[in-house]
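Going left to right, the sequence shown walks through residues 1 to 239 as this note's numbering numbers them.
Hints may contain errors.
[As the list claims (entries may be wrong)] Across the chosen pairs, the derived CB separations fall in these ranges:
hint	residue 1	residue 2	range
1	THR113	LEU157	33 to 43 Å
2	MET225	GLY145	27 to 37 Å
3	GLY148	ARG112	46 to 56 Å
4	LYS115	LEU58	24 to 34 Å
[Said to hold, decoys possible] Derived DSBU-like pairs: lysine-lysine, alpha-carbon spacing no greater than 30 Å straight-line:
hint	residue 1	residue 2
5	LYS115	LYS5
6	LYS212	LYS142
7	LYS5	LYS212
8	LYS115	LYS28
No wet-lab data here; the hints were simulated from the structure.
On a predicted model such as this, the values are computed, not experimentally measured, just so you know.
We put the beta carbon where it would ideally sit given N, CA and C, even for glycine.
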Amino acid sequence: MTFRKYLVLAGVTLCAAVGDSLLSRGMKDVGSISLQHLPTLILAILNPWVALGILFLLGFFASYMIALSWADLTYVLPATCGIRYPRSGPHPQPTACGAGRLRGGTRLHEGRTMKLVYAWSAIAVIVLASTTGDVLLSRAMKQVGHVGELWQRAGLLAVLGRILRNPNFMLGILAMTAAFYSLLLGLSWGDVSLVAPASASLTFVANAVAAKIFLHERVDHRRWMAALLVAGGVALLAA
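Input sequences plus hints: build the corresponding full structure.
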């Protein structure tokens, strides 16, 4: 593999990590978004941290599309989930005394439990939408062909035209949009140290299965072993 291709994979990794961290920072400013106030999620992109995170994720998306044009989905995807996210520090505990402290602690525990349930629900939606989008985008980029070679032969406009005319690409964009807003919801309910690694890791496992079934990729025993190890890591996160 050439040095340029390694740079593309590095762009996938770094842009995904920085973008998710910035989104988490912004969604902590926005606060938890209830299901009754989902339109607030659209306005969340006006937060400067969220907007900056979107810019980095656009860089991730561009690098990701280029990589999918010459590599299998199960080869590219580990670059997006092999990232270490900083664990958030402990949240401050409200202080009280006597029965008031007990009632406050109970309500606090219940609130955290519900937020955890919401966060894992968002993770499930992220995994489903991301897997669908990844499969569609991978199929689209394989139909387009090697982006670098096509660019050299016909120019940038020809590359963009061929990509945008592909129906699988447009469907993949819709699925990725659903995954993106689910990620924002998940980050408003849970820490980036849970939501980002869990969603990326479970998406890797789901994509290994989907790539074998729908894309007919050759998923060797090393990639299946990697998927099992990733699943074990998610189990530790959930514990």
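### Query
Of the hints given before, which are not true for this structure?
1, 5
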